[in-house]
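Colleague: Sequence:
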Amino acid sequence: MLSVAVAGEVVQRVSFEFLESAGEMASAVRAYDWASTSLGPIESWGASLRTAVGIMLSSAFPKCIVWGSELVTIYNDAFRPLLGDKPEALGRPFSEVWAEAWDTIGPIADRAYAGEATFIEDFPLVVDRHGYPEQAWFTFCYSPIRDAEGRVAGMMDTVIETTGKVRAEQNSRLINAELAHRIKNLLAMVSAIANQTFHSASSMEEAKATLSKRLSALGETHSVLAEESWGGASVRAVIERVLSPFQSVGGRISMEGPPLDLAARQALSLGLAIHELATNASKYGALSDDCGRVTISWKIGRPGSDEEFRLVWEEQGGPVVDEPKRRGFGSRLIEKALAGAFQGKVQVHYAPEGLRCELSTTMINIRIEAAELETPSARGD
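Here the sequence shown stands for residues 12 to 392, where the numbers follow the working numbering.
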């Protein structure tokens, strides 16, 4: 409590209890030279200003008092992080503290000074708090503060930054849109596979069995992609997962190649192609007896370059291979869908010693997502 005397006579007793809050800003307010501002020394502050400052300093929520025609700024500890690396704002005009955004928030402050409270959620502002402009979002309320005569003398800014929340919501919308896009394309792919499988099969039982295995291969590749949050899937992981039903052949399937991630469309097409090759090998090729072997190898160039990416499926030691007289849907999955996904070439050689399938493209085509997953051709070509 401070007594103010005029000509030796006590005329007023001013309490400083409103500045007894703990925290750095309460200490800063007590130590600041307010006489150098339009507010004058603390002992001259009116009751409404003292009360507002006391409430603000005691709050754990970010708050700021803006006072008088010069918009003098007083804020609490919770408000400090919102300022970032800005120069000390205590005692400075609010319009200077947020000069880069004043054209936007100035009219809102004018409304508060006119007696109108405002509440705005997720308000976008470009602010300069770390030496560069940054997009941020805030939810805030400007509330007018009246003096003893009922006139608006200042405003209370109650604010929280919502940049993290807004960006998370934006990311969520993007993810949901991407998920809807992928589901749409996946259903189109499944539909095309189902139609062609039933069209090519000699019986309903054969169609059911073949479709089940193809969808299983597609599902396994999806699992690999999901485990990586659809950020891509490695060549080795896709091949290993798709070949898991063929483990009964023991160590007769070998793989060799450096680490390389594929985009979703490429991974799905590769998974289906490897499944078809393994199925054919188990029926007619190197995996149809106890002697044959399959080697899967790939070589890569520099990422993003025009150097070659080559993947080879090579069978050896199995029965003599004859080129089929008719290309079925499985062959089209291997030759056309795979080539399209990689924007490259697929060559299948029916050599007597074993089938050899080669996929080649340039590294610039690896991990480039197409706008849509191309479904296998529904035509017979």
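Certain hints may be false.
Stated by the list, open to error - Lysine-lysine pairs mimicking DSS-like chemistry, simulated, CA-CA at most 30 angstroms apart:
| no. | residue 1 | residue 2 |
| --- | --- | --- |
| 1 | Lys176 | Lys356 |
| 2 | Lys310 | Lys347 |
| 3 | Lys224 | Lys310 |
| 4 | Lys224 | Lys97 |
| 5 | Lys310 | Lys219 |
| 6 | Lys219 | Lys97 |
| 7 | Lys224 | Lys336 |
| 8 | Lys347 | Lys336 |
| 9 | Lys310 | Lys294 |
| 10 | Lys294 | Lys224 |
| 11 | Lys294 | Lys356 |
| 12 | Lys294 | Lys336 |
| 13 | Lys294 | Lys219 |
| 14 | Lys356 | Lys336 |
| 15 | Lys176 | Lys224 |
| 16 | Lys336 | Lys219 |
| 17 | Lys176 | Lys219 |
Unchecked claim - Computed Cβ-Cβ distance ranges for the label pairs, DEER-style:
| no. | residue 1 | residue 2 | range |
| --- | --- | --- | --- |
| 18 | Gly328 | Gln181 | 52 to 58 angstroms |
| 19 | Arg184 | Ser55 | 24 to 30 angstroms |
| 20 | Gly262 | Tyr143 | 53 to 59 angstroms |
| 21 | Gly79 | Leu30 | 26 to 32 angstroms |
| 22 | Pro335 | Gly175 | 57 to 63 angstroms |
| 23 | Gly175 | Gly126 | 20 to 26 angstroms |
| 24 | Glu334 | Thr373 | 42 to 48 angstroms |
| 25 | Glu81 | Asp133 | 44 to 50 angstroms |
| 26 | Glu369 | Asn187 | 35 to 41 angstroms |
| 27 | Asn187 | Pro269 | 33 to 39 angstroms |
| 28 | Tyr143 | Asn376 | 33 to 39 angstroms |
| 29 | Asn182 | Gly328 | 20 to 26 angstroms |
| 30 | Met266 | Val359 | 16 to 22 angstroms |
I should point out that these hints are in silico values taken from the structure, not numbers from a laboratory.
The beta-carbon is built from N, C-alpha and C at its ideal position, and this holds for glycine as well.
Colleague: Can you confirm whether the C-alpha distance between Lys336 and Lys219 stays at or below 30 angstroms?
Modeller: Holds, because 24 angstroms separates the two Cα atoms, which is no more than 30 angstroms.
Colleague: Given a hint of 44 to 50 angstroms, does the C-beta separation of Glu81 and Asp133 actually sit inside it?
Modeller: 30 angstroms, violated
Colleague: Do the alpha carbons of Lys176 and Lys224 lie within 30 angstroms of each other, as the hint requires?
Modeller: Outside the cut-off at roughly 43 angstroms; violated.
Colleague: Okay, Asn187 versus Pro269 on CB: inside 33 to 39 angstroms?
Modeller: 35 angstroms, holds
Colleague: Falls inside 20 to 26 angstroms, the C-beta gap from Gly175 to Gly126?
Modeller: Check failed, 33 angstroms falls outside 20 to 26 angstroms.
Colleague: Quick one, are Lys310 and Lys347 close enough, alpha carbons at most 30 angstroms?
Modeller: Holds - the C-alpha atoms of Lys347 and Lys310 are around 21 angstroms apart, at most 30 angstroms.
Colleague: If you check the beta carbons of Glu369 and Asn187, does the distance land in 35 to 41 angstroms?
Modeller: Holds: the Cβ-Cβ distance is about 39 angstroms, inside 35 to 41 angstroms.
Colleague: Does Lys219 pair with Lys97 here, judged by a C-alpha cut-off of 30 angstroms?
Modeller: 68 angstroms, violated
Colleague: Quickly compare the C-alpha distance for Lys224 and Lys97 to 30 angstroms and report which way the hint goes.
Modeller: 62 angstroms, violated
Colleague: Starting from Lys347, check that the Cα of Lys336 is at most 30 angstroms away, please.
Modeller: Given that 30 angstroms is the threshold and the Cα spacing comes to 18 angstroms, the pair holds.
Colleague: With the threshold set at 30 angstroms, check whether the alpha-carbon distance from Lys176 to Lys219 stays at or below it.
Modeller: Measuring from Cα to Cα gives roughly 48 angstroms; hence the hint is violated.
Colleague: Could you see if the CB distance from Gly262 to Tyr143 stays within 53 to 59 angstroms?
Modeller: 58 angstroms, holds
Going down the numbered hints, you'll see the structure goes against 1, 4, 5, 6, 15, 17, 19, 21, 23, 24, 25 and 29, while the others check out.
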